[in-house]
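Participant: Spelled out, the chains give:
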Amino acid sequence: MNKTVLTIDDSRTMREMLNMALVQAGYRVIQAVDGVEGLEVLRAEGADVVITDINMPRMDGFGVIEGVRADPAHRATPILVLTTESDATKKERARAAGATGWIVKPFNPTKLVDAIRRVAA
Amino acid sequence: MDPFESIKATFFQECEELLTDMESGLLAMEQGDDDSETINAVFRAVHSVKGGAGAFGLEELIRFAHVFETVLDEMRSGKLHLTDEVAKVLLRASDVLADHVAAARSGGQVDEGRTVGMIADLQGLIDQDRAAELGLNEDGDSGAVEEDFGFVPVVLSLDEPAADAPEVDVAALMAAAAPPPEAPAAAPAWRVTFRPKAEMYAKANEAALVLRELARLGDVEVALDAGAVPPLDQLSAEQAYLTWTVRLSGDKSEAEVREVFEFVEDDCDLEVTREGEAATEASEPDIAADDDASASAVEAAAGAPLDLDALLARVAAPTEEPAPAAAPAPAPVAAAPPAAPAQDPASLDVAGLIALAEKASQDHAQTQAAPPKADPKADQKAEARAAAGPATAATPTIRVDLDRVDRLINAVGELVIQQAMLSQRVFESGLARSSDVALGLEDLELLTREIQDSVMAIRAQPVKSVFQRMPRLVREVADMVGKKVRLVMDGENTEVDKTVIERLSDPITHMLRNAIDHGLETPEEREAGGKGAEGTVRLAALHRGGRIVIEVQDDGRGINRPRVRGIAMAKGLIAEDAVLSDDEIDNLIFLPGFSTADVVSDISGRGVGMDVVKRSIQALGGRISITSEPGKGSKFSMSLPLTLAVLDGMVVSAADQTLVAPLSNIVESLTPRAEDVHLIGGRDAVICIRDTFVPLIDVGVALGFRDTPLPPASGVAVLVESEGGGKAALLVEAIQGQRQVVIKSLEANYQHIHGVAAATILGDGRVALILDVDALVTTSRRKAPRIEKRMAV
Numbered sequence: 001m002n003k004t005v006l007t008i009d010d011s012r013t014m015r016e017m018l019n020m021a022l023v024q025a026g027y028r029v030i031q032a033v034d035g036v037e038g039l040e041v042l043r044a045e046g047a048d049v050v051i052t053d054i055n056m057p058r059m060d061g062f063g064v065i066e067g068v069r070a071d072p073a074h075r076a077t078p079i080l081v082l083t084t085e086s087d088a089t090k091k092e093r094a095r096a097a098g099a100t101g102w103i104v105k106p107f108n109p110t111k112l113v114d115a116i117r118r119v120a121a
Numbered sequence: 001m002d003p004f005e006s007i008k009a010t011f012f013q014e015c016e017e018l019l020t021d022m023e024s025g026l027l028a029m030e031q032g033d034d035d036s037e038t039i040n041a042v043f044r045a046v047h048s049v050k051g052g053a054g055a056f057g058l059e060e061l062i063r064f065a066h067v068f069e070t071v072l073d074e075m076r077s078g079k080l081h082l083t084d085e086v087a088k089v090l091l092r093a094s095d096v097l098a099d100h101v102a103a104a105r106s107g108g109q110v111d112e113g114r115t116v117g118m119i120a121d122l123q124g125l126i127d128q129d130r131a132a133e134l135g136l137n138e139d140g141d142s143g144a145v146e147e148d149f150g151f152v153p154v155v156l157s158l159d160e161p162a163a164d165a166p167e168v169d170v171a172a173l174m175a176a177a178a179p180p181p182e183a184p185a186a187a188p189a190w191r192v193t194f195r196p197k198a199e200m201y202a203k204a205n206e207a208a209l210v211l212r213e214l215a216r217l218g219d220v221e222v223a224l225d226a227g228a229v230p231p232l233d234q235l236s237a238e239q240a241y242l243t244w245t246v247r248l249s250g251d252k253s254e255a256e257v258r259e260v261f262e263f264v265e266d267d268c269d270l271e272v273t274r275e276g277e278a279a280t281e282a283s284e285p286d287i288a289a290d291d292d293a294s295a296s297a298v299e300a301a302a303g304a305p306l307d308l309d310a311l312l313a314r315v316a317a318p319t320e321e322p323a324p325a326a327a328p329a330p331a332p333v334a335a336a337p338p339a340a341p342a343q344d345p346a347s348l349d350v351a352g353l354i355a356l357a358e359k360a361s362q363d364h365a366q367t368q369a370a371p372p373k374a375d376p377k378a379d380q381k382a383e384a385r386a387a388a389g390p391a392t393a394a395t396p397t398i399r400v401d402l403d404r405v406d407r408l409i410n411a412v413g414e415l416v417i418q419q420a421m422l423s424q425r426v427f428e429s430g431l432a433r434s435s436d437v438a439l440g441l442e443d444l445e446l447l448t449r450e451i452q453d454s455v456m457a458i459r460a461q462p463v464k465s466v467f468q469r470m471p472r473l474v475r476e477v478a479d480m481v482g483k484k485v486r487l488v489m490d491g492e493n494t495e496v497d498k499t500v501i502e503r504l505s506d507p508i509t510h511m512l513r514n515a516i517d518h519g520l521e522t523p524e525e526r527e528a529g530g531k532g533a534e535g536t537v538r539l540a541a542l543h544r545g546g547r548i549v550i551e552v553q554d555d556g557r558g559i560n561r562p563r564v565r566g567i568a569m570a571k572g573l574i575a576e577d578a579v580l581s582d583d584e585i586d587n588l589i590f591l592p593g594f595s596t597a598d599v600v601s602d603i604s605g606r607g608v609g610m611d612v613v614k615r616s617i618q619a620l621g622g623r624i625s626i627t628s629e630p631g632k633g634s635k636f637s638m639s640l641p642l643t644l645a646v647l648d649g650m651v652v653s654a655a656d657q658t659l660v661a662p663l664s665n666i667v668e669s670l671t672p673r674a675e676d677v678h679l680i681g682g683r684d685a686v687i688c689i690r691d692t693f694v695p696l697i698d699v700g701v702a703l704g705f706r707d708t709p710l711p712p713a714s715g716v717a718v719l720v721e722s723e724g725g726g727k728a729a730l731l732v733e734a735i736q737g738q739r740q741v742v743i744k745s746l747e748a749n750y751q752h753i754h755g756v757a758a759a760t761i762l763g764d765g766r767v768a769l770i771l772d773v774d775a776l777v778t779t780s781r782r783k784a785p786r787i788e789k790r791m792a793v
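Going down the list, the sequences are from chains A and B. Under the numbering used here, think of the first position of the first sequence as 1, with each following residue one higher. Under the numbering used here, think of the first position of the second sequence as 1, with each following residue one higher.
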């Protein structure tokens, strides 16, 4: 079965972009628009990899990482955070919170798939 | 559409929403709202615009958004405080950002001077030292900003789909696995020692996956050191005990090798050295395992070649277990056997690698075979979820081509007509009203009406899309004329048919301009008059009587009636001795050729008077009026039908023709008494209705159906009011009833006829003309321009 990737991003553009790249690479994609919904969806449907944005309403990416790691059922689910080059401190914070890896925006499909492959079988 | 283009379209659509959110946030901030969530929302909006722009390589937009975002970030972190001044600069910056988005969308350019000036203003909000620290240099030079930004846009290209990457690598892997008679002689192999720490596993990183990535770089020999694994009873599930040593041949650079460890480098001990260098030797002796558990395993597996696939599978396997963090612990026991072959340099399991490669290419093939299957269900669910999220999510929507909706509306229109025809035939056939057929028809009629309403609702949209463009307009106009204006908007969610929405923008724009330019006083005048320096303009939408009403109200000086009257007289628009009510005087500004501004400013004027606004509204079946109170302000009200597709009409007959008069024009109907009708000039009739004379128009004659007028007393007079407020009585033979009719354009099917607005098809299948009341009234009034005068009673 295809791997399922949960993408959490408040930007529809970014969600569509991730969706396009991931679907083309053969992943099954489920989406959420913010951290709160992301955790709900993860609990309800599960995912093999979580990709999350940092800046989001209601619950940001750090909240997502903490929530996933605190959930016994998902503490070993890889989490990739979407960051930009200028966000070095955010990358560190995400890592400290338990992020598995990161994807630097803007990404191209190859980089995205490489990053997922590195964290998910 | 090309999916990339379609995402780009989504981006611009989203930008519009983001800009709106940003603007409402900024307006709240202007009112003193410094709640962190408000500031955050504004920041996120700008951030998202920048993020999307980055993906599409929209440099100008990125550059400006970056400066804007940086300033907002300062505010977010409490380093910059919200003041009136700051809010004003941010609002202006939002306008410039909107221009950049528009320019990016159309491929146009934003005035460089404006951008640079705005960047300077934004930087001005931040302390100079801090600006330098943030990399926002003083002159707004783009170079440094971008350099600091380090944001290299990579344009997504579908020409090289992501899925190609694994394919290429698989080929390379297979090539590497195939008999390299003499392994690449040029570069000495890399020796990588990789010792994960517990933290690495805690972050859900897997040694197996890292090793697999490494294997993609070239020819690998892997040795596992399980020496640190304690006896079973001392084994901790949360600890990491294993060390791998990998010999990697191939011509990869150290950076490329290290990149594989990018996510884990801080959570493992990693050594990358060229073979033959000192550091490597030190780690090698460990490889021969020495404790009991692994020693026996080594014996059992002695001489067996390294099966990389099995190794990877085993290391990966524990992920599926209930306590995933235990992954590293059980692994060593199981994975111990392969430890031995390290002594055998030719131990790479080519078969294993090929199997791995085949598996990868199978995966790839599956990917290729079924890409569009990306689970429509999942998408739907995602859509539904997007709807469920209360904060950001909108109600669930689907986007449908307008053409399809129009086709549906047309079909429903035909259905309504057909249903009416059927009902009429049935009743004509003499069936009892209580018969099953008649009762069934009644239900059908209700259903048909319901379908029609639902279909019309599909096209209905909130006026928000028009309203949201107005705050900016108000700011710009206010700046231009040097007035202080606060815009208050109400009823943005009022819905109206899409065709109406598209045509609301111009009249609203004009009325707002007019309110600010003419309605409001200058700050000094206001203060002198005991009002606050800031004027208020209220823009509201509401439903009233099956129509949508748009109101633009200002708290300015009101209409100067003596002056308006004077101008109207000077321009010959009214008679010297005209007796006019205050309302009538106010409404003189809608007359063609009237303009109160002494100098037609390019703000409200634009060479267009209120008469043009009025005509464009009338063309939509709407009407506009003004009420005013000197010193307190004016209110423009414009009312429009909710849809342009159906019409509530009064069906009348004249000269044996069936005609429809729009119900919205009808004031009342009455049977004329002969003594109330007078002839002016021996031909043009007027009728006295409650002490007011109005023209009496014989519809049959006016439309040319017959030459001799109907004796007034034998017909019915329908008092109508044109959009301009002018009244007239339409003389017809009889009133048949009231019904909703589907408008069919006459011009599209035939040609324009004076006095006829459109046509419709009635229940009996006949075509009925819909009267253009305005045209009829105007024509009659032109013939008798001063007829309507109050009687001195």
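Calculated directly from the structure, the hints in this document are not laboratory data. C-beta: ideal position from N, C-alpha, C; glycine also. Incorrect hints may appear among the rest.
According to the in silico footprint, chain B covers these stretches of chain A (three or more CB under 8 Å from chain B) [claimed, not checked]:
no., stretch
1, 52 to 61
2, 89 to 100
BS3-like mimics (lysine-lysine), calculated; alpha carbons at most 27 Å apart, straight line [as the list claims (entries may be wrong)]:
no., chain 1, residue 1, chain 2, residue 2
3, B, K484, B, K498
4, B, K197, A, K91
5, B, K88, B, K464
6, A, K91, B, K88
7, B, K484, A, K90
8, B, K197, B, K252
9, B, K197, A, K90
Participant: So if I understand the rule, the pair passes when the alpha-carbon distance is 27 Å or less; does K197/B with K91/A pass?
Facilitator: OK: K197/B and K91/A at ~20 Å, within 27 Å.
Participant: Does K464/B lie within 27 Å of K88/B when you go C-alpha to C-alpha?
Facilitator: It holds: about 23 Å lies between the C-alpha atoms, which stays within 27 Å.
Participant: Would you check the hint for K197/B and K90/A, treating anything up to 27 Å between C-alpha atoms as holding?
Facilitator: Roughly 22 Å separates the two Cα atoms, so the pair holds.
Participant: For the pair supplied as a hint, K91/A and K88/B, confirm whether the alpha-carbon distance does not exceed 27 Å.
Facilitator: At roughly 33 Å apart (the allowed maximum being 27 Å), K88/B and K91/A break the hint.
Participant: Are the Cα atoms of K484/B and K90/A separated by 27 Å or less?
Facilitator: The given pair, whose Cα atoms are some 42 Å apart, is violated under the 27 Å limit.
Participant: If you count the residues of the stretch 52 to 61 of chain A with a beta-carbon closer than 8 Å to a beta-carbon of chain B, do you get 3 or more?
Facilitator: holds (count 4)
Participant: Is K484/B within 27 Å of K498/B, Cα to Cα?
Facilitator: 33 Å, violated
Participant: Can you take a look at whether the stretch 89 to 100 of chain A is actually covered by chain B? Rule is 3+ residues, C-beta closer than 8 Å.
Facilitator: holds (count 4)
Participant: Does K197/B pair with K252/B here, judged by a C-alpha cut-off of 27 Å?
Facilitator: The hint holds at about 26 Å.
Hints 3, 6, 7 from the earlier list are contradicted by this structure; the remaining hints agree with it.
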